[in-house]
Amino acid sequence: MRGLDDMAYKAKDKKAAIGPDIDLDSYSLKSATHADVKNLGTIPEEDRERMTLAGLDASEKERAGTYIQRDATAVHSGSNIDGLEIIPIRKALKEIDWIRDYYWKLASVDTDKYTARVRLDLQDGYVIRALPGKKVTLPAQACLYLEKEGFNQNVHNIIIAEEESELHVISGCASASHVTRGLHAGVSEFYVKKDAKLSFTMIHHWAEDVVVRPRSVGIVEKGGLFLSNYISMKPVKSVQTYPTTYLVGKGAVARSYSLLVGSPGSELDVGGRIYLQAKDTRAEIVSRAITNGGNIISRGDIIGEVPGAKGHLECHGLILNGGIMQAIPELKGMVDGVELSHEAAVGKIAQEEILYLMSRGLTEEEATATIVRGFLSVDIPGLPAPLKAEIDRAVELSQKDVM
Amino acid sequence: MLIIEDLQVKIGNKKVLKHVNLEIQPGETQILFGPNGSGKTSLLMTIMGYPQYKITGGRILFKGEDITHMTIDERARLGVGMSYQRPPSIQGLKTRRMVQVCGNGHIDVDTLAEKMNFTEFLERDINVGFSGGEIKRSELLQLMAQDAELSLFDEPESGVDLENISLIGNTINTLLQRVNGTQYDKTTKRIARERTKMGLIITHTGLILDYVTADKGLVLYNGTVAGRGNPVEIFKQIKKAGYKECARCAA
Numbered sequence: 001m002r003g004l005d006d007m008a009y010k011a012k013d014k015k016a017a018i019g020p021d022i023d024l025d026s027y028s029l030k031s032a033t034h035a036d037v038k039n040l041g042t043i044p045e046e047d048r049e050r051m052t053l054a055g056l057d058a059s060e061k062e063r064a065g066t067y068i069q070r071d072a073t074a075v076h077s078g079s080n081i082d083g084l085e086i087i088p089i090r091k092a093l094k095e096i097d098w099i100r101d102y103y104w105k106l107a108s109v110d111t112d113k114y115t116a117r118v119r120l121d122l123q124d125g126y127v128i129r130a131l132p133g134k135k136v137t138l139p140a141q142a143c144l145y146l147e148k149e150g151f152n153q154n155v156h157n158i159i160i161a162e163e164e165s166e167l168h169v170i171s172g173c174a175s176a177s178h179v180t181r182g183l184h185a186g187v188s189e190f191y192v193k194k195d196a197k198l199s200f201t202m203i204h205h206w207a208e209d210v211v212v213r214p215r216s217v218g219i220v221e222k223g224g225l226f227l228s229n230y231i232s233m234k235p236v237k238s239v240q241t242y243p244t245t246y247l248v249g250k251g252a253v254a255r256s257y258s259l260l261v262g263s264p265g266s267e268l269d270v271g272g273r274i275y276l277q278a279k280d281t282r283a284e285i286v287s288r289a290i291t292n293g294g295n296i297i298s299r300g301d302i303i304g305e306v307p308g309a310k311g312h313l314e315c316h317g318l319i320l321n322g323g324i325m326q327a328i329p330e331l332k333g334m335v336d337g338v339e340l341s342h343e344a345a346v347g348k349i350a351q352e353e354i355l356y357l358m359s360r361g362l363t364e365e366e367a368t369a370t371i372v373r374g375f376l377s378v379d380i381p382g383l384p385a386p387l388k389a390e391i392d393r394a395v396e397l398s399q400k401d402v403m
Numbered sequence: 404m405l406i407i408e409d410l411q412v413k414i415g416n417k418k419v420l421k422h423v424n425l426e427i428q429p430g431e432t433q434i435l436f437g438p439n440g441s442g443k444t445s446l447l448m449t450i451m452g453y454p455q456y457k458i459t460g461g462r463i464l465f466k467g468e469d470i471t472h473m474t475i476d477e478r479a480r481l482g483v484g485m486s487y488q489r490p491p492s493i494q495g496l497k498t499r500r501m502v503q504v505c506g507n508g509h510i511d512v513d514t515l516a517e518k519m520n521f522t523e524f525l526e527r528d529i530n531v532g533f534s535g536g537e538i539k540r541s542e543l544l545q546l547m548a549q550d551a552e553l554s555l556f557d558e559p560e561s562g563v564d565l566e567n568i569s570l571i572g573n574t575i576n577t578l579l580q581r582v583n584g585t586q587y588d589k590t591t592k593r594i595a596r597e598r599t600k601m602g603l604i605i606t607h608t609g610l611i612l613d614y615v616t617a618d619k620g621l622v623l624y625n626g627t628v629a630g631r632g633n634p635v636e637i638f639k640q641i642k643k644a645g646y647k648e649c650a651r652c653a654a
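Quick mapping for you: the protein sequence lines, in order, are chains A and B. The first sequence finishes on residue 403 if you use our numbering, and the numbering steps up by one all the way, no holes. The second sequence finishes on residue 654 if you use our numbering, and the numbering steps up by one all the way, no holes.
Treat the hints with caution; some may be incorrect.
Listed next, the in silico DSSO-like pairs over lysine-lysine satisfying Cα-Cα at most 30 Å (straight line) [to be verified]:
1. A/348 with B/497
2. A/348 with B/413
3. A/279 with A/310
4. A/12 with A/134
5. A/388 with B/497
6. A/279 with A/222
7. A/14 with A/237
8. A/10 with A/61
9. A/250 with A/310
10. B/457 with A/348
11. B/592 with B/619
12. B/457 with B/421
13. A/348 with B/417
14. B/643 with B/466
15. B/643 with B/619
Hints listed in this document are in silico derivations from the structure and should not be mistaken for laboratory results. Everything numeric in this text was worked out from a predicted model, so none of it was measured.
Based on the provided sequences and hints, a complete structural model is requested.
Below you can see the structure in the form of C-alpha cells.
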C-alpha cells in the first residue's frame, strides 16, 4: 500500500478534470473526537432534525441498520439484521482481511487532489455489505455529519452486494445548523456481484458555503442491478461529482436518477458515466434539475463497447427564477449493434399548464408548486417504500426553497 | 346567473368577440353553435378568465358579482368550471392528484372515478398519452369533483367513441342536474324547478343533443351572436342550409 500513498502524495495538488478548483489548505483537518452514540434517541434534537432532513430515521423503525459519523468520528455503527454488515472503514482496515480486496480497487488515488486527500487523511467512512443470497429489503442508513465550522471531512465508503443478495442504502450528508463553511470529500466504491441488486440513494442537505467533492466508482457483474439516486435540493456552494459505473457481466443493468435544485449562489456540476462492457447490458441516466438562480451543469455519458448494449440518457431542466441550466449529454458507440439515445431539454414552466391548474381553483403560486413537484416526481422502479417516502419528502421540502 | 353585456374581446390585435350579449339563468343550459373561427372557444375562455383574451369593452356578471377583471382561480372558486377540448399534459402530475385539486380535498376520488369508468387512469400523469375520448372523460371527472355551478364544455363529444358517448352525455346531464335516474318520484317539472346548475356547451357535430336536453341555442358567427332559438331547430337548420344561411334565418 506504500505505492498508493506515494501516488496520492504526487497527486495532492492535482486539479480535478472539471469543476471549480478548491484550496484545500483553507479548511481545517482537526476536529474534536465525538463520543459514541449507543441510542440514536440521545442525539441532540437540533442535530437529529438536520440528520432527519438527509433521510435519517432515528427510530430505525424502517431501517436495517445505521452508521453515523460526526466530523471525523464514527459514533454509531450497527446492523439490526443477520446477513447485513455495517462497519466503520478504519476498523475494517484493522480487523478484516477481505477489505483489502475492495479498498481502492475501483477508485484511483491519483484521480485528483480530493481522492489523494481521502487517501492521505482518511477520517473514516463506512463499509456496508449484504452477504450472499441475503435479501435485505429495508434500507440501511448512513449519515455523514459536518459539525465543525471550516472542517474538511474526508470519508471512504465501500458498499458490497454479494452474489444474489439485495441491499438498499440511504446515505445522507448534512451539516449542523451553525455550520456555514466546510469541505466534504468522499470516495465510494460499489460492488454489485452476480445477480445481486443494490440501490444507493444519496441525499444532501448542506449549508450555503459548503463544498462537496464525491468520487464514486461502481462495478456490476452478470445479472446485477445497480440503482443510484442523487438528491440535492438545498443550498450548497459547490458540488462536483461524476460517478462512473462499469457493467462487466452479461445482462448487468445500471440506472441513475438525479434530482437537483440550484439555489442562488449554488453551483451543481453533477453527472453520471456508464460503460457497457458486456452483452445485454443496459444503462439509464435520468436527471431532473431546477435552477432557482443557481448554476447547474447536468452531465451524462454512456459508452457502448459491445454489440447489443443499450443505453438511454435524459436530462430535463427548468429555469424558474433566473440562473443557468446546462445539459451536456454524451454518447459513444464503439461497435456495430449498440443502441444509445438521449433527450435533453431546458425550458420554463408552460404558462398553459399554470392556467389549467388555476382554472381548477389553485392560485398561481400553488399551481406553479404543483407543476414543480410533478417535474421532480420521477418514478424510480425498484425502490422499497421507505426509500420512496424519503425521496418524496425531500421533494416536498424543496418546495419552500423553489417558490 | 351569468350575464354577459356587450362583451368585446381581442387576442393580440385581432377582435375575436364583438358586442356579445348572453344570459344564463340558474338551472339553464344553452348550446353554442358556430363554424370554426366564429369565436365559440374564445367566449368560453373569456368567461373562464384566460388573460390572453383581452376584454376591451363590456362586462361579465356571475352570481351578481362583476367578474370581468377577476383572475382564473378566483372565478373557479366562485363556481365557474370548464371542460377543455385540448388541455395541456403535465408530466409527473397524477390524474388522482388533479382530481383531488378539483375537489379541494373534499371528495372521494375512487368512487367518482369508478362512475366515470376512469379508475385505471388515476395513477397516470394527467393527459399524458390520453386519447381524445380519454381526455374528455378526464375533464368531466375533474368537473364532477369541482362541482361547478357554471360548467363550460368545449366540444365534449369530439374524439369520443360511440361506446362512451352516452357515458359523456349522461355525465353532463348529472353535472347540470338535467335528469336524475335515482329520483323517480320527482316529476320532470319539479326537477327543473329545483335545478340550479348552469351550462354552456359548444358542439360541432350536434351529437350531444341526442343526450342533453338544452333550454336554448345560440349561433355565434364572426364573433357575434347571430341568432338564438330552440337548439334542436337551430341544429336542423344548420344541417340543411349551413351556418351562413342559418345565421340569417335565426336572426
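key: Hints violated by the structure (listed by number, smallest first)   = Numbers 4, 8 and 14 - these are the hints that the structure violates, sorted from lowest upward.
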